[in-house]
Amino acid sequence: MAVGALRSREYRALFDLIDKLRHQGISKYVDLPEIIVCGDQSSGKSSVLEAISGLSFPTKDNLCTRFATEVVLRHTTGTTSCVASIPPDPKRNELEKDTLALFSPKIDLETLELSSVVEEAKTWMGISDTNAFSNDILRVELCSSDQPHLTIVDLPGLFSGIDNNQSESDGDQVVSMVRSHMSRPRSIILAVISAKSDIAVQSVTKMLSEIDPKGRRTMGLITKPDTLYAGSESESNFVELAHNKKKVCRLGWHVLRNRDYPERDFTGQQRDEAEHKFFSNGPWSTLSPHQLGINELRPRLSSILRKQISAVLPDLMADVTAGIQDCEKQLSLLGTSRSTASLRRKYLSRVSHDYTRLTEAATSGHYRDPFFGDAMTESGAARRLRATVERHYRDFEARMLKHGKTCQILEDGTEMPEKPGNHNYVYRSDYAEKVKELMRRDKGREVSGTFNPLIIGDLFLEQCKPWQGLASHLQARVSADARSLIKYILSETTAPEARDAIRGVIDERMDKITDLMAEKAREILRPHINGIPQTYNHYLTDTVQKVQQERRDAKLKEHMDCFAGNRMGGYSVTPDQLRALLQDQIEPNMENNASFMAIDFSEAYFKLAAKIFIDNMAQLVIEPQLMEKLPSLLGRDAVDGFSDEYIEKLVSESEDSGQKRQASQSKLHILTGCLGDIKSLQNHGYTAELSEELTPKPGTNADSEHTQIEMETPDSLTPELEPETPETAQISKKTKKTKKKKSAVHLPGEEDPPKDGSWAVEDCENMPEWQIRNYQWH
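In terms of full-length UniProt numbering, the sequence shown opens at residue 1 and continues consecutively.
Read the hints as simulated data drawn from the structure, not as lab findings.
There could be a bad hint or two in this list.
Stated by the list, open to error - Derived CB-CB ranges, DEER-like:
id, residue 1, residue 2, range
1, Ser-643, Tyr-536, 47 to 57 Å
2, Ala-318, Ala-132, 31 to 41 Å
3, Ser-429, Lys-546, 13 to 23 Å
4, Arg-386, Ile-532, 34 to 44 Å
As the list claims (entries may be wrong) - When the alpha-carbon atoms are kept at most 30 Å apart in a straight line, the in silico DSBU-like pairs for lysine-lysine are as follows:
id, residue 1, residue 2
5, Lys-520, Lys-607
6, Lys-465, Lys-402
7, Lys-434, Lys-402
8, Lys-196, Lys-245
All residues carry an ideal CB built from backbone N, CA and C; glycine is no exception.
Build the full structure now, drawing on both the sequences and the hints.
Written out as structure tokens, the structure reads:
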């Protein structure tokens, strides 16, 4: 197969794909690449369309088009055909869509006259005095051997004047329609500027300055240049405009000469000859030939649109994929229809299954399900209940050790903290005075020098007062996290209208769990606060002996330091001195000895009891009362016990939900089909750019082949173009003198290319397309 035929087939596949996607209704959900023709009324838009396509559109002045017209041109070697249809507004109902599908007017292939087709389309669309505009589209597809592959959308002309045929309200609707199309980021704007009016007063330029101020996706098209007086300042201004000096368009400018009234009966060939003759003389001849005339405009527009389609296909696929995922999520939330009792029970069973599955995963720490998301996000972390509960356990342990005592006892001589905060610090000797007073009041028949065992209970009871508050704090935090998990689960598994009712059922049961946790916490705290310490753990005596030994060692070291010898680390002490040191550690005061011993046992018992209480809060309160019961709050057994009447109150479906489900199903069907079409095209390799097209072969006359490279470079890679100043123009002239036949590659830091739309290109082999700075090969 010849390369030209292969390219033609590939290009057509690209254009046909976008057309197919558009008419499947995907443009309602994602933006599609398209060329939109915008301009003021009487700017010559209809004449432009007629010149491009050969179709004869109504061209009456002050004629306000009431709908958008899509012109589809396809190159074919077969029989010429022309078909008109009306793709309906996606908001129309099925009956209206079926009715519009019957629209099939006859078109004369000799004249390609569309005036009657346009009038007939108005009737089918229901356009009247009360319904002046329609969001339906008139689609005209023309296939012939002299057509390029091109699809363009012609929008109603902008106007500000009011007469019997068009009102101020009509003008506002046109502005709204045009603005909507221009604002789509994948649309290429073909801005038609009439030379009969100053560019500053034309409505389309004002809209361009608002929507595409830097001209990134705009191509300017000057019409009616023959209406300018030769040599006038106005003519000079428009010529400069075409050179891209006054208003920069990244896709450049083009100039067309429209047929005037005496030439209204000219054939297409006669029109082209008159246009060529006009551009051959005067200031317009200073422009590149590829910027002039209809024969250059057709392939230029086709190239722009084709490359735009190729460039956005990956993003388009990503948008479609995201739309499919959104639909699937929405349909999952809405569930199946709930119009009958059995369907409602089935729906609630599905919600119950999802709830149980996700809560079991969250409490066990298995986070494979997509529901759990990214652990580094706030939402993802909140859904990992096991992880948050484990953090609360560790935090509870730290709080118990730091804040679990009424007062912190410091050894004598220890430096008091500068910022005690909420802690109540006391030295051991001072605390002993309080203990001695308590011992005097609780004195029994115990031998002097010992203490009543109940003293330990009294001291411990005073020290463990913060425990209840710390335990309540732990329960509150864990309960809040569990409720947060429930909220996240229901937000992704239930329909919005049923969510609150289902959550009400779970919250009611959650309240009971909270009460049970509080009761269980009081139960495990009760042995610690009844005033009778009891343990058979040898850790108690081991701890007391260890603490006392550490205290004796510290005291002995303190005294031994007084006998330090000259040798490093050595001591010089007599046996009598050593005996005196040991005797000094004996407490002769029996009351002091008893109080110190009571403090040591009380502190040791506190450590032992605190460890037990910390473990019991996790093992006997949180785990069995909350974590194990959480999945059953909406378990299968609970749902099976609900009556049909109760289930109807919980999950009955509104009419709005049914409509949302139907809309989501329709959207999913459209997007799924579109995704398959895009993948099919990619699998055939039609989206790949042919490197031969961008790289002229040695010895090839690119000019004769009308090879064009459009400025459609990614914004992130291409420096912005600014209007040329006298200084930059002077630099440009010097550069042209010193650098002959410079490549069109524009790298960061280099001089901007000329704004006249062309570069002289000789050697561009291995050149990435995005580096080519304009659309002309010389």
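Hint by hint, here is what the structure shows:
1. Ser-643 - Tyr-536: 47 to 57 Å: This hint holds: roughly 54 Å between Cβ atoms.
2. Ala-318 - Ala-132: 31 to 41 Å: For Ala-132 against Ala-318, whose Cβ atoms are near 38 Å apart, the range 31 to 41 Å holds.
3. Ser-429 - Lys-546: 13 to 23 Å: At roughly 21 Å between Cβ atoms, Lys-546 and Ser-429 fall inside 13 to 23 Å, so the hint holds.
4. Arg-386 - Ile-532: 34 to 44 Å: holds (37 Å)
5. Lys-520 - Lys-607: Measuring from Cα to Cα gives roughly 22 Å; hence the hint holds.
6. Lys-465 - Lys-402: Satisfied, since the Cα-Cα distance of roughly 13 Å is no more than 30 Å.
7. Lys-434 - Lys-402: Holds: Lys-434 and Lys-402 sit about 22 Å apart, inside 30 Å.
8. Lys-196 - Lys-245: holds (19 Å)
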